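Respectively, the protein sequence lines represent chains Y and V.
The letter at position 213 of the first sequence is residue 213 when you use our numbering, and the numbering goes up by one with no holes.
The letter at position 406 of the second sequence is residue 406 when you use our numbering, and the numbering goes up by one with no holes.
These are calculated hints, taken from the structure and not from any lab test.
Small disclaimer: the values here were computed from a predicted structure and weren't measured.
Ideal placement from N, C-alpha and C gives every residue a C-beta, glycine not left out.
Mixed in with the good hints, there may be bad ones.
Here are the in silico distance ranges between beta carbons for each label pair [stated by the list, open to error]:
#, chain 1, residue 1, chain 2, residue 2, range
1, Y, G390, V, A66, 23 to 33 Å
2, Y, R285, V, A66, 44 to 54 Å
3, V, A66, Y, M403, 34 to 44 Å
4, Y, Q226, V, A66, 31 to 41 Å
5, V, S419, Y, G390, 31 to 41 Å
6, V, A66, Y, R222, 23 to 33 Å
A few chain Y residues that don't get close to chain V, going by computed Cβ distances all over 12 Å [stated by the list, open to error]:
#, residue
7, A19
8, R57
9, D195
10, S230
11, G231
12, A237
13, W281
14, V290
15, D336
16, A358
17, W432
The primary structure of each chain is shown beneath.
There are 2 protein chains.
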Amino acid sequence: MDGSPLLAVRPASTDEVAAVVRACAAAGVPITARGAGSGLVGGPVPLGGGVVLSLDRLDHLEIDTANLCAVAGAGVVTGRLQEAAAAEGLMYPPDPASVDICTIGGNVACNSGGMSCLKYGVTADYVTGMTVVLADGSVLELGGKLRKRASGYRLMSLFIGSEGTLGIVTDVTLKLVPRPRSRSTALVGYRSIEDAAEGVRRLLVSGHFPSALELMDANALRLVAQELPSGFEPGLAALLIVEQDGSDQQQVVGQLAEIVELLAGADNRVAQSEAEREGIWRARRRFGHVLIAMRKNFFAEDVAVPISQIPEMTRRFTALADRLGITIATVGHMGDGNLHPTIVFSDEQRNLVGPAAAQIFRDALELGGSISAEHGLGALKRDYAELEHGARALDVMRGLKSMFDPRGLLNPHKVCPESPADDGFLERQPGWGAKLASGRDRSELGA
Amino acid sequence: MDGSPLLAVRPASTDEVAAVVRACAAAGVPITARGAGSGLVGGPVPLGGGVVLSLDRLDHLEIDTANLCAVAGAGVVTGRLQEAAAAEGLMYPPDPASVDICTIGGNVACNSGGMSCLKYGVTADYVTGMTVVLADGSVLELGGKLRKRASGYRLMSLFIGSEGTLGIVTDVTLKLVPRPRSRSTALVGYRSIEDAAEGVRRLLVSGHFPSALELMDANALRLVAQELPSGFEPGLAALLIVEQDGSDQQQVVGQLAEIVELLAGADNRVAQSEAEREGIWRARRRFGHVLIAMRKNFFAEDVAVPISQIPEMTRRFTALADRLGITIATVGHMGDGNLHPTIVFSDEQRNLVGPAAAQIFRDALELGGSISAEHGLGALKRDYAELEHGARALDVMRGLKSMFDPRGLLNPHKVCPESPADDGFLERQPGWGAKLASGRDRSELGA
Numbered sequence: 001m002d003g004s005p006l007l008a009v010r011p012a013s014t015d016e017v018a019a020v021v022r023a024c025a026a027a028g029v030p031i032t033a034r035g036a037g038s039g040l041v042g043g044p045v046p047l048g049g050g051v052v053l054s055l056d057r058l059d060h061l062e063i064d065t066a067n068l069c070a071v072a073g074a075g076v077v078t079g080r081l082q083e084a085a086a087a088e089g090l091m092y093p094p095d096p097a098s099v100d101i102c103t104i105g106g107n108v109a110c111n112s113g114g115m116s117c118l119k120y121g122v123t124a125d126y127v128t129g130m131t132v133v134l135a136d137g138s139v140l141e142l143g144g145k146l147r148k149r150a151s152g153y154r155l156m157s158l159f160i161g162s163e164g165t166l167g168i169v170t171d172v173t174l175k176l177v178p179r180p181r182s183r184s185t186a187l188v189g190y191r192s193i194e195d196a197a198e199g200v201r202r203l204l205v206s207g208h209f210p211s212a213l214e215l216m217d218a219n220a221l222r223l224v225a226q227e228l229p230s231g232f233e234p235g236l237a238a239l240l241i242v243e244q245d246g247s248d249q250q251q252v253v254g255q256l257a258e259i260v261e262l263l264a265g266a267d268n269r270v271a272q273s274e275a276e277r278e279g280i281w282r283a284r285r286r287f288g289h290v291l292i293a294m295r296k297n298f299f300a301e302d303v304a305v306p307i308s309q310i311p312e313m314t315r316r317f318t319a320l321a322d323r324l325g326i327t328i329a330t331v332g333h334m335g336d337g338n339l340h341p342t343i344v345f346s347d348e349q350r351n352l353v354g355p356a357a358a359q360i361f362r363d364a365l366e367l368g369g370s371i372s373a374e375h376g377l378g379a380l381k382r383d384y385a386e387l388e389h390g391a392r393a394l395d396v397m398r399g400l401k402s403m404f405d406p407r408g409l410l411n412p413h414k415v416c417p418e419s420p421a422d423d424g425f426l427e428r429q430p431g432w433g434a435k436l437a438s439g440r441d442r443s444e445l446g447a
Numbered sequence: 001m002d003g004s005p006l007l008a009v010r011p012a013s014t015d016e017v018a019a020v021v022r023a024c025a026a027a028g029v030p031i032t033a034r035g036a037g038s039g040l041v042g043g044p045v046p047l048g049g050g051v052v053l054s055l056d057r058l059d060h061l062e063i064d065t066a067n068l069c070a071v072a073g074a075g076v077v078t079g080r081l082q083e084a085a086a087a088e089g090l091m092y093p094p095d096p097a098s099v100d101i102c103t104i105g106g107n108v109a110c111n112s113g114g115m116s117c118l119k120y121g122v123t124a125d126y127v128t129g130m131t132v133v134l135a136d137g138s139v140l141e142l143g144g145k146l147r148k149r150a151s152g153y154r155l156m157s158l159f160i161g162s163e164g165t166l167g168i169v170t171d172v173t174l175k176l177v178p179r180p181r182s183r184s185t186a187l188v189g190y191r192s193i194e195d196a197a198e199g200v201r202r203l204l205v206s207g208h209f210p211s212a213l214e215l216m217d218a219n220a221l222r223l224v225a226q227e228l229p230s231g232f233e234p235g236l237a238a239l240l241i242v243e244q245d246g247s248d249q250q251q252v253v254g255q256l257a258e259i260v261e262l263l264a265g266a267d268n269r270v271a272q273s274e275a276e277r278e279g280i281w282r283a284r285r286r287f288g289h290v291l292i293a294m295r296k297n298f299f300a301e302d303v304a305v306p307i308s309q310i311p312e313m314t315r316r317f318t319a320l321a322d323r324l325g326i327t328i329a330t331v332g333h334m335g336d337g338n339l340h341p342t343i344v345f346s347d348e349q350r351n352l353v354g355p356a357a358a359q360i361f362r363d364a365l366e367l368g369g370s371i372s373a374e375h376g377l378g379a380l381k382r383d384y385a386e387l388e389h390g391a392r393a394l395d396v397m398r399g400l401k402s403m404f405d406p407r408g409l410l411n412p413h414k415v416c417p418e419s420p421a422d423d424g425f426l427e428r429q430p431g432w433g434a435k436l437a438s439g440r441d442r443s444e445l446g447a
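Bound conformation, chain Y alone:
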């Protein structure tokens, strides 16, 4: 499992994908589909060797305003879809941080999320149709431009999030929704994560439904301190970026004012202009840039916990960092319980990263969470899947894999673990050494 392919192919249509898959099936050669390669868990690394199949040329895109939907090839960059929808007054809500480079096919493979999931949901909530090439090269057309269906088993749902191990999705039909014309954004600071969590709970039971609720902890804040408004309360333990959207600017501003009052922070700042709004989001984006510019290394994780467990989870991050002498800076999507703890470490601390990540996985699971909220399992987290799902559910997943891909040729060694979970999982990853040096891998941080 060194992750080197025999060859790479770039088919331009579903028929060409099917022809490649048929040829591979005939020869018994593994085949690993690949989107933009912007994922953070090594999903498209061809652990079984064989053929890497890039979907980048499947980039046809249709916005169908009469049916409020888009039909997109797997290779369409998500940001391009968002812009094309916006030009027609519509919105495709899922919004991964890598939106400018990641593709819809990759988003479907990983059931990607982003910052707008609390209000708008994840990729799976928008897929109404797809074309899938199965392991024998046959083509399945599922669903269509329909917004609602209760007929038969929900096959599309199986392919979503399956990381190309059950079939290769070549195009998708996606629901679009009305595009909000206005947004308003604020910073709200807290002296403890507990205060932030209580503020969020109070807000959400009050009838307000914000479009974003982003969390940054004290360590993340320290990295972006220079981007905070001048005079903003120093020494905060947590910061929320809260956004509201809607059809009318005055109404959105009024709602945000009420939201900020309910959040009851130690300090707050409501953006008074588009420039100030941009400035607030710049502070959030700055987090990734600072990490890349540092002389230290970093390793970004992605876990989910029930939202009431966010304070406990962040306490455990702090305890873990103190114990190992590393830094863990956390950003996350507060309304989803989705945290991105980022381990910052020196070259000498490299051997601590695996044990630290393993502890983060175990803690998330102990708190009723998941080892992956929106990145997938890939090569990296696969070994921990059984701890999360249990042996019985893993058996069922293996049964599905056998049914759809009896010879195990589609993205081998992914999703269903072959090794038991242990702290050394990271050392077994191809490219773990190379990854540290890769600007590309680093630039997609902070989804």
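Following the hints, position chain V against chain Y.
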């Protein structure tokens, strides 16, 4: 396949359900799970005989405000869940018309929808955890109080909408969302369905995201004419009931005024009070009551089409009714392309109903739609599943059924068709005669 069970059991816990399933598995006896029995397609009719397993005693309910979720036994009545969530400032959005009697377990089995799906989605969009008893009596715990997950195959999605044929869901964890504090409602009338469709398109690309967009056609309107406001434009071809919700009454009223302007009907009436709002919804609910009180019989259908095809679909309803000399009155969820054409017929016209429904199915499929938007396939529509999904997808569905239930004991003869589609499908249904006389079946009309 006469639909008579050997016996009925009412277990009170997942363990008891598992024990019943194990006993049935040992004896090779079919087992059909049953919610409230309020479905309209015969899903819980035990076509294979054997044991009927009612889930009504699994009625535990927990609202967890700290995690914005509910944990509900399969037997919890959906309306009870909605009320319990509302009491905590939260909302469970899926809203089938049978909400006062149907259960969460049944909603999950059929992936139920309702009137709020355009903005809020369907049952599947809210399930984050479930307990399932498999065909061998083993118990699978899936997901939990997590709002986001991208880890492993999405097994829960398979059980949702599977009508109890792959496993028996005994409890579910459901996402809740902030409950809007205000609603405002209007009637907008049109001289043609085309005008209504164009109004809806114009509205949705303008940035407004209404919480309901209900359609009634001319025949449906005739049945409820006395409930319309006095002086309302007579002879309309279509009526929309449009609702907006939000956190602030004044804002919601302002948004609805803009929405009504964009919808640009031939006449409109905005409710100026809660009493007027209730009156508007009474007109919609009146549709079912009038049908029940009539001396004629009726048969309610449920299809979905891409929303741009709504005018063509309704033209085909009219042509079909004219050809057969029956009446088809249609209500539907306009923003989802979900239409409920209701065939009204005399005793002498009884033999026309099967061919009429079959033609409606064929028309929906020809327009890129589905034979079931939110009711499921049940006993009634099963034969038409292959026409909708195609032979290859049906093969995959049969493979899944074999994998999860190799001996075919769970709700036999459902979802995967055994008979080819034909106009006589209705005559093969157990209780087709009895159904016409049943007040119970009639009272759940107009989902």
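Right, here's what the structure says about each hint:
1. A hinted range of 23 to 33 Å for the beta carbons of G390 of chain Y and A66 of chain V is consistent with their spacing of about 25 Å.
2. Evaluation of the 44 to 54 Å hint for R285 of chain Y and A66 of chain V yields a failure: the beta carbon distance comes to about 30 Å.
3. Here the CB-CB span from A66 of chain V to M403 of chain Y is close to 39 Å, well matched to the stated 34 to 44 Å.
4. Judged by the Cβ atoms, the range 31 to 41 Å given for Q226 of chain Y and A66 of chain V holds: they are separated by roughly 35 Å.
5. Between S419 of chain V and G390 of chain Y the beta carbons are some 39 Å apart, a value that agrees with the proposed interval 31 to 41 Å.
6. Between A66 of chain V and R222 of chain Y, the C-beta spacing of about 29 Å keeps the proposed range 23 to 33 Å intact.
7. Every beta carbon of chain V lies more than 12 Å from that of A19 of chain Y, the smallest distance being close to 17 Å; the non-interface claim holds.
8. Even its closest Cβ contact with chain V, about 25 Å, leaves R57 of chain Y beyond 12 Å, as expected for a residue assigned away from the interface.
9. Look at D195 of chain Y: its CB is around 15 Å from the nearest CB on chain V, clear of 12 Å, so calling it non-interface holds up.
10. Every Cβ of chain V is farther than 12 Å from the Cβ of S230 of chain Y; the closest lies at roughly 32 Å, confirming the non-interface assignment.
11. Every C-beta of chain V lies more than 12 Å from that of G231 of chain Y, the closest at about 30 Å, which supports listing it as non-interface.
12. Consistency note on A237 of chain Y: stated as away from chain V, and its beta-carbon is indeed over 12 Å from all of that chain's, at 20 Å minimum.
13. No beta-carbon of chain V is positioned within 12 Å of the beta-carbon of W281 of chain Y; the least distance is around 21 Å.
14. Its beta-carbon lying about 26 Å from the closest one in chain V, V290 of chain Y satisfies the requirement of being farther than 12 Å from that chain.
15. Listed as outside the interface, D336 of chain Y is inconsistent with that label: its C-beta sits roughly 5 Å from the nearest C-beta of chain V, within the 12 Å cut-off.
16. At the 12 Å boundary, the C-beta of A358 of chain Y stays outside the reach of chain V, the nearest C-beta of that chain being 15 Å off.
17. Look at W432 of chain Y: its CB is around 21 Å from the nearest CB on chain V, clear of 12 Å, so calling it non-interface holds up.
Checked against the numbered hints above, the structure violates hints 2, 15; every other hint is satisfied.
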